[in-house]
Structure formats: structure tokens, C-alpha cells
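Residue strings, one per chain:
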Amino acid sequence: MSAFELDSSRCEGHGVCVDAAPHLLALDDEGELVLLAETFGDADADAAADAALVCPVAALRVVGPGEASS
Amino acid sequence: MSTSARSSLVIVGAGLAGVRAAESARNAGHDGSIVLVGAETALPYERPQVTKEALLAGASPRHYVEHDQLVGRLGVQLRLGTRATGLDRRRRLLRTSDGKIGYDALVVATGAQPTPCPWGNLDGQVSTVRTARDAVLLHRVLTGRRRVVVVGAGLIGSEIASAAQALGAEVTLVERGCGPLEASHGRSLAEHLARLHRTAGTRLVTGAAVNSLVRAGASVAVDLGSGERIVAEHVVWAVGVRSDLGWLVGSGIRVAEGVLCTTAMVTNDPAVFVAGDAAQVVATDGPQAAPRSMSQSMAAAQGLVAGHNAVTPPGSWSRTTATPYFWSTWYDRRIQGVGVPSARSTVLQEGGGTLHLYEHRGRLTGAVGIDAKASVRRVRELLREGSSSGAHAAREMTGRPA
Chain A
0 MSAFELDSSR
10 CEGHGVCVDA
20 APHLLALDDE
30 GELVLLAETF
40 GDADADAAAD
50 AALVCPVAAL
60 RVVGPGEASS
Chain B
0 MSTSARSSLV
10 IVGAGLAGVR
20 AAESARNAGH
30 DGSIVLVGAE
40 TALPYERPQV
50 TKEALLAGAS
60 PRHYVEHDQL
70 VGRLGVQLRL
80 GTRATGLDRR
90 RRLLRTSDGK
100 IGYDALVVAT
110 GAQPTPCPWG
120 NLDGQVSTVR
130 TARDAVLLHR
140 VLTGRRRVVV
150 VGAGLIGSEI
160 ASAAQALGAE
170 VTLVERGCGP
180 LEASHGRSLA
190 EHLARLHRTA
200 GTRLVTGAAV
210 NSLVRAGASV
220 AVDLGSGERI
230 VAEHVVWAVG
240 VRSDLGWLVG
250 SGIRVAEGVL
260 CTTAMVTNDP
270 AVFVAGDAAQ
280 VVATDGPQAA
290 PRSMSQSMAA
300 AQGLVAGHNA
310 VTPPGSWSRT
320 TATPYFWSTW
330 YDRRIQGVGV
340 PSARSTVLQE
350 GGGTLHLYEH
360 RGRLTGAVGI
370 DAKASVRRVR
380 ELLREGSSSG
390 AHAAREMTGR
400 PA
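Those protein sequence lines, which keep their order, are chains A and B. Under numbering that gives the first Met the number 0, the residue at position 17 of the first sequence is numbered 16, and the numbers go up by one with no gaps. Under numbering that gives the first Met the number 0, the residue at position 185 of the second sequence is numbered 184, and the numbers go up by one with no gaps.
Here chain B stands alone, though its shape is the one from the complex:
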């Protein structure tokens, strides 16, 4: 495979998407240089563990690849602790906190960051969690704290609430909807997930908006729209994420919520690609933009495509076809989502677990399982085979209707 036209590949972002892009470029025959630029100083590590095992144990997650493998086997030049600050597309230069880096092809894999708390961090009494370091610090804060408020009961907020509970804190989880994931997955699942929190002893306050956060001596007072005031020793703000793409402003790269790209993970500049949470795939065969699927498995799948396409001619480009997938662990319960949710769902019991099957116009679109590993695996197979009806899927499952 000819790669002479793309002799220097620069990847911004040293998470899973970035690492996969590097490996994929090498698999595609790229023998030029690969520079991996990462804002954090740590080698790429298992980010899903930040709010799971790392927070519970107070230790950094494992690395995806060790230094020898990245530098030796893959021939990657590491530029860690280096932040992208700007892009000059005309001269093909990436500006960083540590000087300029020239590229022939660029992959943007800078991920997403937690939405900051509008009231600030109140001298460290309010925190957000994204990095391994955040997890280690929060572990120390949570250990021995009696009252903790977590704002936002999405996957991250729910994982944090679960970890805080396990560390002995008395947890109040504040959520705008009727339960976790209501906006994306509907009321039935949200109510089910709400019960998981309540059964485990976490106080879940639903339909709640935070009006203000203020210092109250050594504590923080969380004032809700209902007029209720919750006083806590620490608050974790987990109200969604956003991609910090300020460094691309003025570069001419089209950006909305994320960097806009096609299913080939290419931006409006054919030398600039994107993968992972920073990417926003726009369907090219219709006016409707696909919803952003921000997950570790999407980061891997998109990194693979972006790395391949960045070093190959457009005629041989691959496209992302991966089925969306996420997993989460709360109170030792395993939650897995495969495919995409839709308005209509059927709930099945499987042993001690539950499966929420989603269908649209009679076709199976996806499922969320709670301790339902075998059924989730079967749904994945049905989605891969295609053309399965929701009713057929329900019959296929070993369980019975709830």
C-alpha cells in the first residue's frame, strides 16, 4: 500500500481512539512517522475504569498499551503533557503548548470533558471527574465523607454515586428526569434504573433542578427548584460532557457539538480526520444527523477507521459500521446497552436480570440489559444478522415478559 503521500501522521488525543488510530495506520501499511499528542502526562489508560474501579480503589486504571509497545512495536513518538492550541491547515501545522508539529494527515481524538459546574468548584468542595488523577483525588475526598451529593444520574453520575456508596458515604443523587437515561432511553428503563439506586440505599431525587450551590461553613448547600436544601460535605457535578474544541476555532474545520465528519471519519478537510467522543458523524445520505454515540466501543471503532483512512487514498477508505454499545456497573449490577433505543420497548425478565428491548416499526433496534449478559449477546447477534423483528427477538429470548 502506498503511503508516501501521507508520510507524517499526527494524532491529537492519547485515549483509546488515538491509540487505535495509530495501530490501524500501521496495520494499513503506514511506514511514516506517527506522533501521538496527549494533554495528560499518563500513557493511554482505561478511561471507563475512571468512575468504576479506579474511583473505588483510589488507583490509576491500567494502561491500554505499555511504553515499549507504543514506542517500540508501533514506532509512535509520544508527546504527552502537550495540549493542542491551534491548527493552521494551509501550512499543515498543529500548534501545541509545546511548539508546532507539522503533519501530512491529522487525527483529532481529543475526547470530551465534563460540563463544568456553573457555580465553580467552591474551593475544591465541588468536583468533576474525567481523568485518572480526578478519580484518585475524589477517592480520597469520598473516603470518610458522610454526606455527598452527586448531580446528574447519567452513566457517569450513577457510577460515581455507586462508588461513593461503596466507600461508605451517604449519597444523594439529584436528577432532572424521572431516572437515569430517560432522555435517551425512555421512561420505562429510567424508572427501572431509578429502583437500582433506591434499592442500594442511594437517595435519588428526581425531577429536580439545581438552583444554586453555595458554601455553608465547611459544607456545601445544594438548593433545588423544589425549595429543598441538601447540605453535603462534597458535591460531584456530573451533568453531561462537551468537547472542548476551542483550539479549532478559526481553523476552518467544521464544528458543531463535535467535529463534523462522514462515516469515513473525515472532516471537511481531506487531511483531517476525527474519532471518538470529539467526533460528530453526519449522515451523508440524508439530511438527518446521526445522534452522537459517545462510548468506549465507538472510540475504538472510529479510531480504527480514522487511522486507516488517514494513511490510505480515498478509494480504499473504510467506513464505520459498528453497532453502538455501552456498559456500566452500579452496585455490582451490570448494565449493557447495544444498538439504539427507540420509542417502543418491551421488558423481559431473564433469571435475576431484566432486558429492555427496543423496536421501531416492528424492527429490533437495540436493547439494554441489567444483569442480562446472555440476552444482550443474543440481541447483538440478531442486530448483526439484521431484519429481526422486535417480537421475534422477544420470543428468541429465554426469558418471559415482565
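Bound conformation, chain A alone:
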């Protein structure tokens, strides 16, 4: 299992990542990014990686199993 690591000090709620992985990410009514699942499996790995890479402010990262979050 992998997980998203969100840098909320960078996230500005642009929502570009949601387009890449709408089943994993959403914006709430205040425009704050919500992670819909704590972790995700291999089937979602590509969509999750794309979601992290399309973020225009580099607020989102995918951390693999066992990778310490910083």
C-alpha cells in the first residue's frame, strides 16, 4: 500500500490533482483538499502518481510502503 503525503502549507485548493484521480481526492466546500482514502493499492498507483505530478504547487507526494513521512 502507498499513501499521499499532503503539504497543507503549499496546497492552495486548485483541484488539478482531483482531475487525475477523482476517486482518491476531492475538494470540500471550502476548497480544501480531502484525501478520500488513507492508503491505496497498486491498482491506483498510476493515477495517484499522476495526481501528485500534475499539482502546480508541488503540494502532493506519493510515499511508498515503509517510506517515512517527513
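Source of the hints: derived by calculation from the structure; they are not laboratory data. Keep in mind that a hint or two might mislead.
[Stated by the list, open to error] Computed from the model, here is a short list of chain A residues facing chain B with C-beta under 10 Å:
#1 Arg9
#2 Glu11
#3 Gly14
#4 Asp18
#5 Pro21
#6 Leu26
#7 Asp28
#8 Gly30
#9 Leu52
#10 Cys54
#11 Pro55
#12 Val56
#13 Val61
[Said to hold, decoys possible] Pair ranges (Cβ atoms, derived):
#14 A:Glu4 x B:Arg241: 34 to 44 Å
#15 B:Ser6 x A:Glu29: 43 to 53 Å
#16 B:Gly200 x A:Ser7: 29 to 39 Å
#17 A:Ala42 x B:Gly123: 53 to 63 Å
#18 B:Ser6 x A:Ala42: 25 to 35 Å
#19 A:Ala42 x B:Glu395: 26 to 36 Å
#20 B:Leu121 x A:Asp45: 48 to 58 Å
#21 B:Glu190 x A:Glu4: 42 to 52 Å
#22 A:Ser7 x B:Ala41: 19 to 29 Å
#23 A:Pro21 x B:Asp243: 29 to 39 Å
Here a beta-carbon is modelled for each residue, glycine too, at the ideal position from N, C-alpha and C.
Chain B: place on chain A using the hints.
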């Protein structure tokens, strides 16, 4: 995934598109070398902040990735302070200001640079803004200056005018159209954005052409086509950008305004890819070239595709499908554009904000929101779902017609 055929990836341009290309190549299984060549000496930083927070604070924007992450985790060899000077496609060599670098696949991500002022910089009294260093220098110049002229009320010029105002300058913004973004987004939005400037106390002169810039003692005189002369202590020239692709001349890579590529971000040379502001995507399924969408979010999306495709065989190439998106901040107002504008627009009020919805033949194509975050988010969803009509979108919005 086999990457043996593409053992050495060289990325020219260390902005967001370049960084994303490197990350994407690694995600695609590339285990060969990655060399990141950057003209600036700084690590890749948040360029949208150059004319926003960095200019206001007089400090460099944050880095996208730190050195340890780029070099350690991604295994990128950094060649910063190095400028591309030429390309030898036959021998697969990139020429740089610091020697030649061989490649198996190349990603061009050199971005765009401000169009220079035709009258020069008048000993530093006229400036353009692109880099973190430009922002820090301009912050010093603007602080304590009374009269500043900004030429060009596009996103960059408008952000600079807003920052200059916040720093205490008396700002005159000179614009050719009837307001910001008229050429791309039409009159209705341009007039609305013009009001933002005027309400904030910036003097916006529209329908104005600059005839000349001349030194007038310690000041600069800006002569307009109308005959008006504006005297200022500093002028910022923000009349568009262009990609400096002179280094590709004679390489055989097809270039127009930008480097021509398909939606797979590949050029006419299957070993050379392009991403970000330097790219000009040509639709392969029709004669009409897509308009260039130069934005940070496009840089990221195209970098992802270019990096992936540069290290994978053509059969597994991905293509850019990203919805165009930009954002800007003027006088603490948030402006967001999603999708593409078209000739017909509807204006809705949302709380304290406004949404300009664009439709073509009854179909929603995009929107620009001013302090309308929730509606912009909804438009993004409707565009993703597809097939939404403009009228349907308007009904969907919580607001009422303006």
C-alpha cells in the same frame, strides 16, 4: 518496463516542467541517468510566486524539491547555471555553455522569457520580471518609489501592478485593450478585471499604445499614442512572453512560436520531447493548431507526459489531456481560469465573487472566477464529466445572474 534503449535522459530547463519530467521518467521505471540542465543557478522554485509573494516580500520563492530529494531520491545530476547553446541531433549531443552532454532522449523545458522592452532598460530604470532574482531586485526598486508605470495588464503585469501598489507605489497600468485578458477572454471579463484595478486605486489607462520611453533626468517619460506623457521613476515592461529557442536554430527541430509537438509531447525527432511554456502542441487530428496554453498547471501536466514518453517505447506513450488552468492574485482577489474561453459568456454572482462562464454551441467550455472558488471547482467537475451545457452549468451554480 524496458528502458535500456533510453539509458541517458537529459532535461534542459529546471523549472516545474523539467522536474516533473524527471519524476515521471523515474515513475515509468527509467533506471538510467537523468541530467537536469538549468540556466539559473537556483534549484527549481515556485515560479508563479515570482510576481506574487516573492515580489511582495522581496524574497526568493520556495523550492519545489530540495537538493537531497532531487539528487538523492531521484538520482538527478544537476547542471545548474548552464545554458543550452545548440543541439546536434545526429550525434545526440546537447551543446551547453559548459561543454557537451550526450543523450539518448532529450526533454526541452526551457520555458518562456519576457518580451524585451524595445527601448532597452534605460540604465536599469526599465525592467522585466521572470526570475526569483528579478523579483528581489524589483522589490527593492519598488519600495519607496512613488510613481511606477507597468506596461501590459495581462496576468503578469496585473500581478506586478498589484504588488507595486501594496508596496506603496502610485501605479499607472498601461494596456492596449479595454482591460486585462481582452484578447483571450473577451470584453466582459476584461471590463470586470479593469474595475478590480481601478477600485484598488491603480490608474489603468486602456486602449493605449506606448510610442516611446525616454530618460527624463532621474525619471522615465512614457509617451502614449494619445499624446499623454506619464513620468515615472520606474517602468516595468510586461508585454507578453516569448520562448528563446535560438539554440535550436539549424538543429532540424521544428519550431514556430514554441517547439512544435504532438499531444504525446514529442517533436519531429522521436528522441526529442518538449514540455511547458516552450511547447506548442499541434493537433494531429486536424489542421488547426491548438492555442498555446502557457501556465504552471500545463507545465506540470506536460512534464509528466514528456518524461514518461522519453523513456518508454511509442506503443506505451501517454498523451496530454489536462484541462487548462491558471490562477492569479491581485489586491488579495483570487482569479482562476479553467478550461478554454469562447465568444459567448454568461456572468453570475457568487457571494462576494463573480463567475464568467464560457460556452460554445451550447456546450460549456470553461470559466473564469473572481473570488469564486466553489463555482470554479464545480465547473472543473462539469468539464471532467463532459457534455454539460452552458445553461445547465449556470443553473448548477449557486449564484444568480448578474
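Against the structure, the hints:
1. Arg9: Since the shortest Cβ distance to chain B is 8 Å, the answer is holds.
2. Glu11: With a closest approach of 7 Å, the Glu11 of chain A hint holds.
3. Gly14: 5 Å, holds
4. Asp18: With a minimum Cβ separation of about 6 Å from chain B (threshold 10 Å), the hint on Asp18 of chain A holds.
5. Pro21: 7 Å, holds
6. Leu26: Holds, about 5 Å.
7. Asp28: Since chain B brings a Cβ to about 6 Å from Asp28 of chain A, closer than 10 Å, the hint holds.
8. Gly30: Constraint on Gly30 of chain A satisfied, holds at 4 Å.
9. Leu52: 4 Å, holds
10. Cys54: Nearest chain B Cβ about 7 Å off; hint holds.
11. Pro55: Holds, because the Cβ-Cβ distance from Pro55 of chain A to chain B comes to roughly 4 Å (cut-off 10 Å).
12. Val56: For Val56 of chain A, the interface hint holds, since the closest Cβ of chain B sits about 7 Å away, which is under 10 Å.
13. Val61: Because about 9 Å separates Val61 of chain A from the closest Cβ in chain B, which is inside the 10 Å limit, the hint holds.
14. A:Glu4 x B:Arg241: 34 to 44 Å: 37 Å, holds
15. B:Ser6 x A:Glu29: 43 to 53 Å: 47 Å, holds
16. B:Gly200 x A:Ser7: 29 to 39 Å: With a Cβ separation near 33 Å, Gly200 of chain B and Ser7 of chain A satisfy 29 to 39 Å, so the hint holds.
17. A:Ala42 x B:Gly123: 53 to 63 Å: For Gly123 of chain B against Ala42 of chain A, whose Cβ atoms are near 57 Å apart, the range 53 to 63 Å holds.
18. B:Ser6 x A:Ala42: 25 to 35 Å: For Ala42 of chain A against Ser6 of chain B, whose Cβ atoms are near 30 Å apart, the range 25 to 35 Å holds.
19. A:Ala42 x B:Glu395: 26 to 36 Å: 31 Å, holds
20. B:Leu121 x A:Asp45: 48 to 58 Å: Because 52 Å falls inside the window, the suggested range holds.
21. B:Glu190 x A:Glu4: 42 to 52 Å: 43 Å, holds
22. A:Ser7 x B:Ala41: 19 to 29 Å: For Ser7 of chain A and Ala41 of chain B the Cβ distance comes to about 25 Å; the hint holds.
23. A:Pro21 x B:Asp243: 29 to 39 Å: 38 Å, holds
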